[in-house]
Structures are given as structure tokens and as C-alpha cells.
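Visitor: These are the residues of each chain, in order.
There are 2 protein chains.
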Amino acid sequence: MSGSNFQFFQLFEHESSTYTYLLMDSESKEAIIIDPVSETFERDFRLIEELGAKLKYVLETHVHADHVTGAGKLREKTSCKVCVGSGAKISCADILLDDSQELSFGSFKIKALSTPGHTDGCTSYYCEGRVFTGDALLIRACGRTDFQQGSSARLYDSIHQKLFSLPEETIVYPAHDYKGVTSSSIGLEKKFNLRLGGGKTKEDFVKIMSELKLSPPKKIEIAVPANLLCGQG
Amino acid sequence: MSGSNFQFFQLFEHESSTYTYLLMDSESKEAIIIDPVSETFERDFRLIEELGAKLKYVLETHVHADHVTGAGKLREKTSCKVCVGSGAKISCADILLDDSQELSFGSFKIKALSTPGHTDGCTSYYCEGRVFTGDALLIRACGRTDFQQGSSARLYDSIHQKLFSLPEETIVYPAHDYKGVTSSSIGLEKKFNLRLGGGKTKEDFVKIMSELKLSPPKKIEIAVPANLLCGQG
Numbered sequence: 010m011s012g013s014n015f016q017f018f019q020l021f022e023h024e025s026s027t028y029t030y031l032l033m034d035s036e037s038k039e040a041i042i043i044d045p046v047s048e049t050f051e052r053d054f055r056l057i058e059e060l061g062a063k064l065k066y067v068l069e070t071h072v073h074a075d076h077v078t079g080a081g082k083l084r085e086k087t088s089c090k091v092c093v094g095s096g097a098k099i100s101c102a103d104i105l106l107d108d109s110q111e112l113s114f115g116s117f118k119i120k121a122l123s124t125p126g127h128t129d130g131c132t133s134y135y136c137e138g139r140v141f142t143g144d145a146l147l148i149r150a151c152g153r154t155d156f157q158q159g160s161s162a163r164l165y166d167s168i169h170q171k172l173f174s175l176p177e178e179t180i181v182y183p184a185h186d187y188k189g190v191t192s193s194s195i196g197l198e199k200k201f202n203l204r205l206g207g208g209k210t211k212e213d214f215v216k217i218m219s220e221l222k223l224s225p226p227k228k229i230e231i232a233v234p235a236n237l238l239c240g241q242g
Numbered sequence: 010m011s012g013s014n015f016q017f018f019q020l021f022e023h024e025s026s027t028y029t030y031l032l033m034d035s036e037s038k039e040a041i042i043i044d045p046v047s048e049t050f051e052r053d054f055r056l057i058e059e060l061g062a063k064l065k066y067v068l069e070t071h072v073h074a075d076h077v078t079g080a081g082k083l084r085e086k087t088s089c090k091v092c093v094g095s096g097a098k099i100s101c102a103d104i105l106l107d108d109s110q111e112l113s114f115g116s117f118k119i120k121a122l123s124t125p126g127h128t129d130g131c132t133s134y135y136c137e138g139r140v141f142t143g144d145a146l147l148i149r150a151c152g153r154t155d156f157q158q159g160s161s162a163r164l165y166d167s168i169h170q171k172l173f174s175l176p177e178e179t180i181v182y183p184a185h186d187y188k189g190v191t192s193s194s195i196g197l198e199k200k201f202n203l204r205l206g207g208g209k210t211k212e213d214f215v216k217i218m219s220e221l222k223l224s225p226p227k228k229i230e231i232a233v234p235a236n237l238l239c240g241q242g
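The listed protein sequences correspond, in order, to chains A and B. Counting from 1 along the first sequence, just add 9 to a position and that's the residue number in this note's numbering. Counting from 1 along the second sequence, just add 9 to a position and that's the residue number in this note's numbering.
Bound-form chain A, shown alone:
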């Protein structure tokens, strides 16, 4: 599925259970990072240095409410550009990505898929048989829809139209997992996702989401304003 020059690292931040992803073309050394976290900046920047990676882009899947992004720190240390979906309305970003827009690193391309619903500007990214789903699609779950312009009906449409239409063997890499699972596949989520799988209708999904009764994320008052400034408020 992947060319032999495709190098891939999944990294985990324990406090917010966030996954960060580093993708590199090992020939040209051009690299991108998805959803870096401020707290693990030192670890991630050391790996970038050890690999000799030329960090070209930081891609955010959305304006996170549970952790502060490491994007701004990485932009200070490298010549990378910070990229977010155009719906996210982050004025500090260098590139606002439209649906289906592609970015290249070395000989590889990564494609933005607009997947709003958890937030207005949620964007998934597809690259080399993998889809990075942010908080739109989680493993056997999905992002909440009760704040930050959330809409269950819109999230259902995003997941069905943009993600469940990918090949079943596509590997799903989410922004979080709380049970120690690191990946899934589109085929597994279509069958077994507890909120969306097994042919659940939009009405089923909206009802499930409306009954979740979740408490607000601990860091939302700090994280959202900071992330609107690329983590450097």
C-alpha cells in the first residue's frame, strides 16, 4: 500500500489521550505532522531532528478543545506552514484548505477531506491508504457534537459521505483513543462503530448523540482561545 520511502510515526500524549502523526518521504526528507501537542513539543521536535526531517506542513484536524496545539512552537523552530480546514477560521494559519485540496511532501500527497460536525472546520486527511480522522470518526465512537458549532446531523453526513465511502481496508487513525487502541479500518467502523455502525440511520445517530450527557472538556477555556492563535496566545 505504501511506497518504501514512506516513513510513519504515531505518537501519543497521555494527559489528553491525543495522537500526533509524523509522515515523511525518507528520500527527500520532506515531512508533515498532524495534530502536534504543546506538551510533547520537545519529544516530537527531537524526533524531527533525529530523522533529519524537513518539516513542510503542520496539519490541524480542527480547533482542539482538550489540548493546546504544538503548531506555533514548531513554526518557530522550522520553516513549516500551519494548515487548517478553511471552515476553522484560524487567522494565525498560513494555509486554509478547501475540501479535496492536496498538499505534497516529497513524492507523496495528502488530501484534505472536509468533515464538519464535531466542529465547523473539522478536516480529515487521506494519505497512502490511511485516513487521519481527527475527532470526526473515533475508534468505535465519534467526536461529541454539543459545543463548538457541533451538529450531529452534519457529522453523520460527513462520516457517511467522506469517510465511509473510502475503501474498507483504509486504516483509520483518529485524534484520540482512550482504550489503548491505535488504529481501526473503515470496514471495521462501518460494521462495529457503536454510534454509526451496522447501518444506523441519521435519526438513530442524532438520538444517540443527544442522550450522551457529557461533562465539558477540562481544558476548553484555555485550549480553544490558545488554539485560535496556533497555540501561542
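Derived from the structure by calculation, the hints contain no laboratory data. Glycine is no exception: its CB is placed at the ideal position from the N, C-alpha and C atoms. Possibly wrong hints are sitting among the right ones.
[Said to hold, decoys possible] No farther apart than 27 Å at their CA atoms in a straight line, the calculated lysine-lysine pairs in the DSS-like style are these:
#, chain 1, residue 1, chain 2, residue 2
1, A, Lys188, B, Lys82
2, B, Lys63, A, Lys63
3, B, Lys227, A, Lys188
4, A, Lys199, B, Lys227
5, A, Lys63, B, Lys188
6, B, Lys209, B, Lys222
7, B, Lys38, A, Lys200
8, B, Lys211, B, Lys222
9, A, Lys199, A, Lys120
10, A, Lys199, B, Lys63
11, B, Lys200, A, Lys82
12, B, Lys82, B, Lys228
13, B, Lys188, A, Lys188
14, B, Lys228, B, Lys188
[Stated by the list, open to error] Computed footprint of chain A on chain B; a stretch qualifies when at least three of its residues, placed anywhere within it, have a C-beta under 8 Å from a C-beta of chain A:
#, region
15, 18-32
16, 47-59
17, 184-192
18, 197-208
Chain B: place on chain A using the hints.
Guide: Frame of chain A, contents of chain B only:
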């Protein structure tokens, strides 16, 4: 590197920071699991059921001192065989693996590499461009050598002769990581491993290991006797 029928899952147990690996041939559905943990048996067994996997083997990298294995529970629920390195002397095991011995699942083979030093019976496993190193080689670190027949000199030889001789791009999947990193490569560890990398000699390594002054693992009194009975003492 991998055939398209190669399906791979990395799973994490938070209390002991242990990685479990599930490998499957998605055509025949034959699968193996490496280092399952008793506490996450339900999660892992559910994934096996969802995949429709036929679990053929449980492979242990060694007699763990920090967690109880899920091997026995999996053997009760499936027809799998429990496999350990012949040096581990576990009487409950079904198959004792010698150095270089191979097992097959579907169209894939996995090869035992005897890597003693952390314990007498430590075994790494090579499959499809990946090496599962147990506690022999960790990311930028290695297993301790101060109990369970540990020997720093022996561990140095194992890592140099059996692991550092693999192609540099081989992906390293260890039994643990405490910093949220999920993989490395042989090339990165040869350069940057803090105890072994950058051309450190056996004398350097033995000195580093002798000065670590680690406290004993919290669960050793429970885990080792239980694991000598495949987790079902």
C-alpha cells in the same frame, strides 16, 4: 513491504505501558497475538471476534515481571497455542521456539530471534519488515538486566548480533514505551539509542546498565509466578 492481506494492530495497556500486537492474514483470517495482557483480555478478544480472526498462536517475548499475560485466557477461548522462547522454561507453553524457528499464519511467516539478556528466555520476532523486540530493545532504551537472570553483556551481544544486523528500515515495535512513542527503526536505534547507539562499546553499555539504580517492578511478586503458568496461577 507488506502484502495487501497483512493486517496489523498495535494495542496499549495503560497500567504497565505494555504494547500488544495482533497480526492477521486477512484472506485466511489466521492470526497471531504477541504479548497479550490479562487486564485487556476483553478488549483484545472482542477485536479478534470482530475481525473474524482464527487465533493460531500467542507469542510471548519473555516471562514478564510487570504484568500478567492474557495467554491462558486466550487459549481457553480459542484453539490457539502458546509459544515462548525455549530459554524461558515455561511448562504451560505448547511450543518452545528455538532461535530462527518460524511459525506461519495464512501466507505469512514470523521468525523467532533468540535475544537473551533482559531475561534468559527473551525472544524477538521478525515479520514483514517489522521486529517485535519485547524488553530486549526499547525505543532509545533497553530492558533492565538486574534481575531474572539478566546480563548486560549478553543483552549487548543479542542486540548487536540479532537486531542491529537487520536492515536499517526495519520497524521496531517494543513491548513497552513510557513516552507515548509507538515505534522506531533499527537505523534510528543504532544512531540514537541512549544506552547502545552511536557506536557505544560493550564496556560502555555494561557501565551504563550497572549505574541505573532502578527500583524493583511493582508487580514482580505476582506477575512472574502467574506468567510461569501462562497467566492462570
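Visitor: Against each hint, give a clear statement of whether it holds in the structure.
Guide: Okay, the hints, checked on the actual structure:
no. : hint                : verdict
1   : A:Lys188 / B:Lys82  : holds (20 Å)
2   : B:Lys63 / A:Lys63   : violated (43 Å)
3   : B:Lys227 / A:Lys188 : holds (22 Å)
4   : A:Lys199 / B:Lys227 : violated (41 Å)
5   : A:Lys63 / B:Lys188  : holds (23 Å)
6   : B:Lys209 / B:Lys222 : holds (20 Å)
7   : B:Lys38 / A:Lys200  : holds (17 Å)
8   : B:Lys211 / B:Lys222 : holds (19 Å)
9   : A:Lys199 / A:Lys120 : holds (21 Å)
10  : A:Lys199 / B:Lys63  : holds (21 Å)
11  : B:Lys200 / A:Lys82  : holds (26 Å)
12  : B:Lys82 / B:Lys228  : holds (19 Å)
13  : B:Lys188 / A:Lys188 : holds (17 Å)
14  : B:Lys228 / B:Lys188 : holds (20 Å)
15  : 18-32               : holds (count 6)
16  : 47-59               : holds (count 4)
17  : 184-192             : holds (count 5)
18  : 197-208             : holds (count 3)
Comparing the model with each earlier hint shows violations of hints 2, 4; every other hint is respected.
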